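Line order of the protein sequences matches chains A and B. Under the numbering used here, think of the first position of the first sequence as 50, with each following residue one higher. Under the numbering used here, think of the first position of the second sequence as 9, with each following residue one higher.
These aren't lab readings, by the way, just hints derived from the structure by calculation. In this text, all values refer to a predicted model and were calculated from it rather than measured experimentally. A portion of the hints provided could be inaccurate.
Below, computed lysine to aspartate or glutamate pairings styled on DMTMM-like, alpha-carbon distance capped at 20 angstroms [unchecked claim]:
| hint | chain 1 | residue 1 | chain 2 | residue 2 |
| --- | --- | --- | --- | --- |
| 1 | A | K89 | B | E13 |
| 2 | A | K89 | B | E63 |
| 3 | A | K85 | B | E13 |
| 4 | A | K93 | B | E13 |
| 5 | A | K90 | B | E63 |
| 6 | A | K93 | B | D15 |
| 7 | A | K90 | B | D91 |
| 8 | B | K78 | B | E63 |
Take a look at the letters that make up each chain.
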Amino acid sequence: DTAVSQTPKYLVTQMGNDKSIKCEQNLGHDTMYWYKQDSKKFLKIMFSYNNKELIINETVPNRFSPKSPDKAHLNLHINSLELGDSAVYFCASSQDRGTTGRNYGYTFGSGTRLTVV
Amino acid sequence: SQQGEEDPQALSIQEGENATMNCSYKTSINNLQWYRQNSGRGLVHLILIRSNEREKHSGRLRVTLDTSKKSSSLLITASRAADTASYFCATTQTGANNLFFGTGTRLTVIP
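Bound conformation, chain B alone (with noise of 0.2 angstroms):
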């Protein structure tokens, strides 16, 4: 299966802290995405790092990249209760275009 893995399945946090949510998965890649998915909607696109970068940052967001063991970590700093949601990573591989989707990571902030 082309399919990543998440870790944690679910985490709960109170609001201010940080979240980390990692992603690791099983080809070669030319990018990792990851994407919000709120609670019956559709997914909503954060952040996008390419094979060649290690890091990237959008706001409260850090995303980190090591393609040497093939994984992932998405930051969340400062979180707050409208972060709830569930975080998924994706990846696209090299000479590919589709997006392969991780198992996600159910994000509760508590208030």
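Pulled out of the complex, with its shape left as it was, chain A reads as follows (with noise of 0.2 angstroms):
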């Protein structure tokens, strides 16, 4: 059984649309992330998600929200769509959220390849 699970893995679309990524995980983990990987492999955080908390990274655009049906979830919508959206996106998952700090790895899902022509 995949862990992360990321659905599309491929994504095609042209410059204005809205498209949706999924993400769901199957370990019980309490918070999830999205994080974009851009074409020089630097991976940056754009959002993590309990059930209690959103945290946004100020630099993502307000195109891009996250949306989580339930715990196991957490989808990502992306609208008006420009051409420096284009990039890999990885949802992943960890176990605690603690104020004690993160003592755990996370598992990334296998990546969406998101290009806007």
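Assembly of the complex is requested from the two constituent chains, each provided in isolation within its own frame, with the hints serving as guidance.
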């Protein structure tokens, strides 16, 4: 069974469209994340979310919005896609978000390669 | 920027040799983690070292942490062709929960 699964794996779309990427984890983890990896392989956090709190990286345009129907899902919705949104988007999850900080590794999905044309 | 830096950006070695990658970061951390990413795949967690630890081993992996220098190193001993991948360090900051990644080292192990 895939621990963190993302769909679709590839997404090609035109500028101006709205698209969603789905993510599901079957690990029972408390927190889920979205990361963006650009063409230079830089990984930047976009969102972290548990059932109590959404933390948004302030550099993320408000065209991007996470939607979590339940603890096991965190979907990424993108409005009015732009050329610069082309990247690989990774979903991840982790076990604990205690105030003492992270003591567990993240589990990543296999990524969604988004190409905006 | 909270993003760390890794050195070297690319490393090419012969199978059987050891590979050492270094990571520097900027802020106080709670822990530091290393991940591997094979081409076109997701990241795989390798090892985590807490801020109060100085060295940790896992199989052929050895990680060191020097919080006074804000640096870490990952040593892969007796490398194999299957170790070819990009390696990223990532940190969680004191009082925060998100992982911030370094720029990565691309390791190529030549059979």
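Agreement of A:K89 and B:E13 with the hint, judged by alpha carbon distance not exceeding 20 angstroms: Between A:K89 and B:E13 the Cα gap is close to 13 angstroms, so the pair holds against 20 angstroms.
Given pair status - B:D91, A:K90, alpha carbons within 20 angstroms: holds, 18 angstroms
Holds or violated: A:K93 to B:D15, with C-alpha atoms at most 20 angstroms apart: Holds, because 19 angstroms separates the two Cα atoms, which is no more than 20 angstroms.
Hint consistency between B:K78 and B:E63 [alpha-carbon to alpha-carbon, up to 20 angstroms]: holds, 14 angstroms
Hint consistency between A:K90 and B:E63 [alpha-carbon to alpha-carbon, up to 20 angstroms]: violated, 27 angstroms
Restraint status (C-alpha distance of A:K89 to B:E63 at most 20 angstroms): violated, 30 angstroms
Given pair status - B:E13, A:K85, alpha carbons within 20 angstroms: holds, 17 angstroms
20 angstroms Cα cutoff - pair A:K93, B:E13: The hint holds at about 13 angstroms.
Taken one by one, the earlier hints fail for this structure at numbers 2 and 5, listed in ascending order.
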